[in-house]
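Asks: If you're matching them up, the sequences are chains A and B in order.
Converting from the first sequence to our numbering requires adding 32 to each position, the first position being numbered 1.
Converting from the second sequence to our numbering requires adding 34 to each position, the first position being numbered 1.
Where hints are given, some of them may not hold.
No farther apart than 20 Å at their CA atoms in a straight line, the calculated lysine to aspartate or glutamate pairs in the DMTMM-like style are these [what the hints assert, rightly or not]:
{"#": "1", "chain 1": "A", "residue 1": "K60", "chain 2": "B", "residue 2": "E138"}
{"#": "2", "chain 1": "B", "residue 1": "K169", "chain 2": "B", "residue 2": "E154"}
{"#": "3", "chain 1": "A", "residue 1": "K60", "chain 2": "B", "residue 2": "E146"}
{"#": "4", "chain 1": "A", "residue 1": "K60", "chain 2": "B", "residue 2": "D173"}
{"#": "5", "chain 1": "B", "residue 1": "K226", "chain 2": "B", "residue 2": "E164"}
{"#": "6", "chain 1": "B", "residue 1": "K283", "chain 2": "B", "residue 2": "D240"}
{"#": "7", "chain 1": "B", "residue 1": "K276", "chain 2": "B", "residue 2": "E254"}
{"#": "8", "chain 1": "B", "residue 1": "K150", "chain 2": "B", "residue 2": "E208"}
{"#": "9", "chain 1": "B", "residue 1": "K169", "chain 2": "B", "residue 2": "E138"}
Worth flagging that the hints you see were computed from the coordinates, not collected in a lab.
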Amino acid sequence: MFENIGEIILLFWRTLLALPLAWRQRQKIFDQFFEIGNASLLMVCILSFFIGGVLSLQTGPLLTEKSLGSYLGGIVGYSVCRELAPIMMSILIAGRIGSAMAAEIGSMRVYQEIDALRTMNINPIHYLVLPRLIAMAVALPMLVVIAILVGWFGGAVVAEGNNHISISFQAFYSSLRQFVEPKDVANGVFKSFCFALIIGVVSCHQGLMTIGGPRGIGRSVTKAVVNSIVLIVIFDYILTRVLLLVK
Amino acid sequence: MNNSANNHSGVGVQVRGLRKSFDGQEVLKGIDLEIRPGEIFVIMGPSGSGKSVLLKHIIGLDPPDAGEILINGESIQTPEIASKYRLALVFQSGALLNSLTVGENVGLYLTEHRLKSPDEIKKIVAEKLEAVGLKDVTDKMPNELSGGMKKRVAIARALVIEPQLILYDEPTSELDPLSAVVIGEEILELQKQIHVTSIVVSHDRDLAFGVADRIAVINEGRIVVVGTPGEVKNSGDPLVQKFLNADFKREPQSKKL
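Take these sequences, add in the hints, and give me the full structure.
Replies: Structure below.
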């Protein structure tokens with residue numbers, strides 16, 4: 033992965049330079065955006081509901097036992113919006129959409145469709161990478177906002193429904209409002225925006241670098257997902273350190 | 035793209051000392067060729083002789099290790115060449131974009147470069163598809179077409195560019211003899227209509243001698259002979275004669291005891 037980091041940065045830079053052409057590619061951006069949202073929304077809701085729920089389940093009984101139950105909403109709310117929703121949704125999207133991007137572009141490469149574009153003087157970065165990267169950069173933060181809301185809801189449902197916790201909806205949300213500020217949500221959304229760029233550019237790069245036949249496509253898909261997840265986790269730490277400094 | 039009126043005739047192509055290696059194996063070993071404007075030039079040779087690699091170099095998809103390719107005297111590696119001359123390649127597989135319909139594939143060049151309005155593009159697409167003998171396929175997906183139809187769609191897509199140089203990579207491979215004849219006729223028709231320079235890579239002897247103004251025979255990355263079909267046929271080179279006269283001979287069946 034790290035031997036290609038220069039190529040990945042170069043691809044990202046070339047895509048940024050192509051941004052003024054984004055309006056021309058609006059139909060493709062919209063198609064990709066719909067693809068990402070449509071394919072992932074249900075999964076995002078299920079995953080985030082249970083993440084919020086399990087967080088309540090793990091921490092709720094302990095906090096209640098120590099008479100700290102009033103902090104549960106804040107703990108769940110803070111963890112979900114600042115960390116769990118952005119990172120879990122990004123990993124989900126890397127697996128679901130990043131793999132599809134690498135496979136599609138990889139098969140276009142193997143079956144000479146990208147060569148065909150180049151012979152028509154159509155830049156594959158403008159035609160293939162730009163719409164995917166923009167759609168990803170818009171869709172993932174939106175999915176993360178939904179994931180945060182559903183995650184909070186999941187946490188509240190478990191907090192109220194579980195006999196060992198028994199904290200009402202109202203108490204849960206009052207605690208959440210007390211501890212979680214809009215900037216915490218913005219923090220998570222910003223992280224997911226950065227992760228979206230990582231997934232988009234790594235997956236497109238792997239697709240464009242594909243060689244060989246179906247086995248090469250499979251290899252690219254695996255690399256796209258693994259490299260995206262590794263970079264997401266590394267950048268998560270770096271971004272968290274940086275964002276903690278921003279008050 | 036420059037669509038000026040003085041830019042409609044075929045271009046000349048010069049290949050000088052072209053060399054290319056892949057993983058240490060030299061595939062092109064110093065190719066020299068001169069293709070005149072408006073001619074149909076066929077490159078023949080056995081499989082693995084470097085024909086398709088040569089074609090990819092001529093259109094600028096692969097950079098050479100050594101040597102140069104000149105289009106009307108200008109290097110193909112020059113960034114402006116793609117906007118100055120209209121070049122098209124008909125891939126062996128067709129290389130149609132599978133996510134687009136046939137109509138979108140054929141009109142892709144015009145759509146992406148915003149050269150015409152959507153209505154005009156529709157009209158041009160229908161015209162070009164009709165020119166290659168296809169009707170009622172505009173809304174079909176490439177995977178719904180036969181091999182021969184895909185190749186004809188690929189030719190229609192190349193025609194939309196109004197090319198000055200058109201390259202065909204094995205245009206008759208995987209086709210039945212009747213479809214192969216249709217493709218050959220289309221290559222001739224194009225030259226007659228728009229005086230395009232055509233470079234055809236093929237190991238189909240019937241196609242080569244049927245359409246070529248001149249033929250080059252390539253073997254193991256080197257040009258063995260270049261000349262008119264008659265000159266190539268009468269070449270004394272044993273390899274050329276072996277390639278041109280290779281035929282399947284069935285051994286007489288031995289009598290079973």
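Asks: Please go over all the hints and tell whether each is borne out by the structure.
Replies: Hint by hint, here is what the structure shows:
1. Of the pairs offered as hints, the one joining K60 (chain A) and E138 (chain B) holds, with about 13 Å between alpha carbons and a cut-off of 20 Å not exceeded.
2. For the hint pairing K169 (chain B) with E154 (chain B), the CA-to-CA distance comes to about 18 Å; that is within 20 Å, so the pair holds.
3. Restraint check for K60 (chain A) and E146 (chain B): the C-alpha separation of about 12 Å stays at or below 20 Å, so the hint holds.
4. Between the alpha carbons of K60 (chain A) and D173 (chain B) the distance comes to roughly 19 Å, so the proposed pair stays at or under 20 Å and holds.
5. In summary, the hint linking K226 (chain B) to E164 (chain B) is supported, as the alpha carbons are separated by about 17 Å, within the 20 Å threshold.
6. Restraint check for K283 (chain B) and D240 (chain B): satisfied, since their Cα atoms lie roughly 19 Å apart, inside the 20 Å limit.
7. Taken as a hint, the K276 (chain B) and E254 (chain B) pair is honoured in the structure, with Cα atoms around 15 Å apart against an allowance of 20 Å.
8. Taking the CA atoms of K150 (chain B) and E208 (chain B), the gap is about 35 Å. The hint is violated against a cut of 20 Å.
9. This hinted pair checks out: K169 (chain B) and E138 (chain B) have alpha carbons roughly 15 Å apart, not beyond 20 Å.
In summary, the one numbered hint that this structure violates is 8.
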